[in-house]
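Participant: Chains as they are written, first to last, in my numbering: chain A, 1 to 228; chain B, 1 to 228.
In case anyone wonders, no lab produced these hints; they're calculated from the structure.
Note that the structure is a prediction, hence the values are computed from the model and not measured.
There could be a bad hint or two in this list.
All copies of an identical chain are treated as equivalent in the list; a pair is satisfied when it fits inside any one copy or across any two copies.
Straight-line alpha carbon distances no greater than 25 Å define the calculated BS3-like cross-link-like pairs of lysine-lysine that follow [claimed, not checked]:
1) Lys-171 / Lys-65
2) Lys-65 / Lys-211
3) Lys-166 / Lys-45
4) Lys-44 / Lys-166
5) Lys-87 / Lys-37
6) Lys-65 / Lys-110
7) Lys-166 / Lys-211
2 protein chains.
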Amino acid sequence: MPDAIPIIGGTGALGYGLALRWALAGRAVVLGSRDEKRAAEAAKKLSDAVPDAEIEGMSNTEAAKQVSIVILTLPFRAQSENLTNLKDSLESGQLLVDCTVPLAAAVSGKATRTLGVWQGSAAQQAQEMVPDGVTVGAAFHTVGAPELADRGSILDEDVLICGERKADKAKVAALVEAIPGLRAVNAGPLEMARIVEQLTPLLISINVRYKVHAGIRVTGLPDADHWE
Amino acid sequence: MPDAIPIIGGTGALGYGLALRWALAGRAVVLGSRDEKRAAEAAKKLSDAVPDAEIEGMSNTEAAKQVSIVILTLPFRAQSENLTNLKDSLESGQLLVDCTVPLAAAVSGKATRTLGVWQGSAAQQAQEMVPDGVTVGAAFHTVGAPELADRGSILDEDVLICGERKADKAKVAALVEAIPGLRAVNAGPLEMARIVEQLTPLLISINVRYKVHAGIRVTGLPDADHWE
């Protein structure tokens, strides 16, 4: 499946939610997990949910091989270990889309607080850890896993994308906008992930107060497509 | 003018923009400046722009006295000095609304980057510096000064409010929603200002890319008023 979207951590809530939406949009999806058996189970569950879709489950290391874009949806606690494990799978020319948020929950702190990451953000940590020639983008921090997983839930929000090159971000934007109701916004270079990753705990704080699943919308943007 | 809204730093771009919008909404406004003469000049300019409005200019220290809510719109570089100067003007029971954003521009860095503030955020620095019994809220970080100052510009965005007590935040929300097109969102306790203050450089980054004046909207909130 050369055009399949491989999701590292695809058995987690965010990964599975994105996989469901991409499957519903007619995209082939590969669900990766450290545990091949869990990956196969999640693939079976997703296939049952979207019978027409092309779905495979495999190990993370297999899922990341020989594809142009890899989606990384992991809890912060597991990000570093997984990137180490992926060193032999990733190769120059690939684009890794990091969705990690360094919530303090990773060390039994609050989900409305974050940990300071030495490199500045989880995405910048990923950039430091990937093999030479692999570029990293950051996206999908503010889309709630429960809304993604609930196919009846109508999405209506933005996804902020950080990365060094506009051409890379345009590829991520195409994946974002393959999901109905999501709009891709260019938030700037990868270092802006320091801020964009913080939107998750901000939304969690708002969710607690309003008992909702909030998202982010940037106002004042032109209607025209800025990704061309 | 007991119901007037005093704006410390009211001759700056954000302060003047807010003053214009409140004046247009029929609110009395006091423009504060370190320099009384500049305050008077700004008040004259605002009076010319909104002839029916009640507007006064005075020193920051006078403007902050004997009012229940004080708005602080200062560049980060000037925040600490001004709070020191206000120590004899502020008194227990007052609510200070801090709008400061610790942009790296304060030390000739980029406006898309921020400085680390020891207390966590500019608002928390303000909370540490005000006299006992003065509470601090944080708001108005994401509303662009140029849009506020352009009375023909139609606002359509949210203002995220941080603070310890909902009753205090409700007072700030009333000021926010006195300006047509702005909606107040409860973002949580004052510590969330660490994140909300970062939205300014994020929007600056987006503005540069899209050549717009972007704002923030939180999606998924209920229509009902949550401030009662």
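Participant: Run every hint past the structure and note whether it holds.
Facilitator: Hint by hint, here is what the structure shows:
Within a single copy, Lys-171 and Lys-65 get their C-alpha atoms as close as 18 Å, which meets the 25 Å cut-off; across copies the closest is 55 Å, which misses it. For a Cα distance limit of 25 Å, the shortest separation of Lys-65 from Lys-211 qualifies neither inside one copy, at 40 Å, nor across copies, at 38 Å. In this assembly of identical chains, Lys-166 and Lys-45 lie within 25 Å of each other by CA distance neither inside one copy nor across copies; the values are 35 Å within and 43 Å between. In this assembly of identical chains, Lys-44 and Lys-166 lie within 25 Å of each other by CA distance neither inside one copy nor across copies; the values are 36 Å within and 47 Å between.
When the C-alpha separation of Lys-87 and Lys-37 is checked against a cutoff of 25 Å, the pair qualifies only within one copy, where the shortest distance is 22 Å, while the shortest distance between copies is 64 Å. Neither within a single protomer nor between protomers do Lys-65 and Lys-110 lie at most 25 Å apart by alpha-carbon distance, with minima of 35 Å and 38 Å respectively. Proximity of Lys-166 to Lys-211 under the C-alpha cut-off of 25 Å is restricted to the inter-copy arrangement: shortest distance 16 Å between copies versus 36 Å within a copy.
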